[in-house]
Amino acid sequence: MSATGGNAAEVVKVLVVDDDVQLQAALRQMLTRAGMQVQVAGERAEALSTVAVSVPDVVVLDLSLPDGDGVQLLSELRTWSDVPVLVLTGATDPRRMLAAFDAGADDYLRKPFGPDELLARLRALLRRPRGEEVESAQRTYGGLAVDLAARTVSVSGVPVHLTPTEWRILGALLANPGKLLTHRWVLAEVWDGSHGDETRAALRAHLRTLRSKIGDDASAPRYIATESGAGYRWIALEGAEEPPAPGPAAEAETVTDVAELVHDLNNALTAARLAVALARSRAARLADGAGEDGDQPVGPPLDDAVEQLERVGRLALRIEATVRGETDLLDDEE
Amino acid sequence: MARIVMVEDDRDVARLLATLLVDAGHEVHAAVDGQEGIALIQQVRPDLALVDMTLPGAMDGLEVTRAVRATEGLADLPVWALTARSRPEDRQRGEEAGVSDYLVKPDGIVDLLPRIEAVLR
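If you read the protein sequences in the order shown, they are chains Y and L.
Positions in the first sequence are counted from 1; adding 37 to them yields the numbering used here.
Positions in the second sequence are counted from 1; adding 102 to them yields the numbering used here.
For reference, chain L alone in the conformation it holds in the complex:
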């Protein structure tokens, strides 16, 4: 069982993703924008953060990731980007911000559970 913070603003994606994770026995904490997301990550100290790169408000996913990396004790937290943009330049920007891995929407999302199992091992 992993403790997971999910930062996703699309209501349907967030609800279904959370249900899938809870069904699989994980503990899920959800935020809908970047500022709420970073606050939750800092408070919950999860095993994994799933962060949509396109978020409402003044903090997008890259900024959330940078804030995570700037937080003491969270330098090694796996931050997985939920994004439809996976061009090399997008990935480079993500890596520079501190993104650990990518779940590319829509198809990559189905690999989520086995990949979490792999991380937990």
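For reference, chain Y alone in the conformation it holds in the complex:
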């Protein structure tokens, strides 16, 4: 954090993010009277750029914004900033509040609220030690330049357009440099766990496009490495010299797809083995105890074993189709 905020010698900078003009004015008055320097943003993009440029000490964020949900804004902000955020909400849905906390909110206040309560909460937030220095929203990796606040990307100075989904994937990768992000985690992070029809196949398709746009190559990655059967990892170092040009493109995506499917296949076989082991141990206990109370039935684990073997069959078909390049003919169940 750039300013302690708790130091009386420094003026605390507050960014209010709210599209309600009346509430904006009321907040500005309350906070200014308390000796704080207030900036106001009425929409998501303006809020992100203000955090990047002005580096406020604390943000007051209304969850309902016209150009995107406040929760989404928080997620984006948290990919590069740890500024304390107090969320204002009129929502009665506790899930929305929990989503805001999951996205990185530090505290919340339900509307309506009084100035004393708001100021007390802000002071409490400003007293909390922050873990790390604020990171810059601007990152460069050789010829690749990313501005997370302005949401711009350029490759060797040439602007590149990313779709919102590609942005979320890139943001998740950049927020966790060097870490393995599994497919399941990225899917949950990028689609907020709410798009059951989004599959690993869709994620791979987005990754392919993203890589192509930023000039990366799955077979000789400079930015995004694929961990076979596991997930993806951001491997570029910030500020590094231009990495060597990638080698010739190979059939790496197919290899990756197959590796992931084999990983799933392995889990299905493991689950089948476990189900059989469970059925056997229950059968043995039933034989020993001749129907004692507490003995567990054998039927359910046998059903599980059959179900897992069916899963194995579906995955085998999918592996065959992937190798043949015929995945369009399959559904996305696995």
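Heads up, some of the hints might be wrong.
Think about it this way: if two alpha-carbon atoms lie no more than 20 angstroms apart in a straight line, the pair counts; the simulated SDA-like pairs of lysine to any residue are [as the list claims (entries may be wrong)]:
hint, chain 1, residue 1, chain 2, residue 2
1, Y, K216, L, R168
2, Y, K216, L, V134
3, Y, K216, L, R187
4, Y, K216, L, G200
5, Y, K216, L, Q137
None of these hints come from the bench; they were simulated from the model.
Given the coordinates of chain Y, work out where chain L should sit on it, guided by the hints.
Below, chain L alone, put in the same frame as chain Y:
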């Protein structure tokens, strides 16, 4: 009876593994990702941790194991890796992180119960 923390993200494997262990009289605590897993291990202080090496989120199984070893009082906790990868280089990475033993998926998983009995003895 052992107190066991299981960190496994595949729902079917986790459910069946937990049922098998509970049926055998063990106390099972389950987590589905690395961060939840290390928190649970530190809280529960189990007799054994079963950790999938390929986990969702920012902490994979190796990182969970390193975090266990870095926790006071957990240097000797048996941490068994659940993994399909058992090449010498995979095992070396595991050993460097502090993995005590391996259950190689899929076939090695059936040895689980007798091996737990052996550890308890």
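For each hint, the structure was consulted:
1. For the hint pairing Y/K216 with L/R168, the CA-to-CA distance comes to about 14 angstroms; that is within 20 angstroms, so the pair holds.
2. Restraint check for Y/K216 and L/V134: the C-alpha separation of about 17 angstroms stays at or below 20 angstroms, so the hint holds.
3. For the hint pairing Y/K216 with L/R187, the CA-to-CA distance comes to about 19 angstroms; that is within 20 angstroms, so the pair holds.
4. Of the supplied pair hints, the one linking Y/K216 and L/G200 holds, its CA atoms being roughly 19 angstroms apart against a limit of 20 angstroms.
5. For a cut-off of 20 angstroms, the pair hint linking Y/K216 to L/Q137 stands: about 13 angstroms separates their Cα positions.
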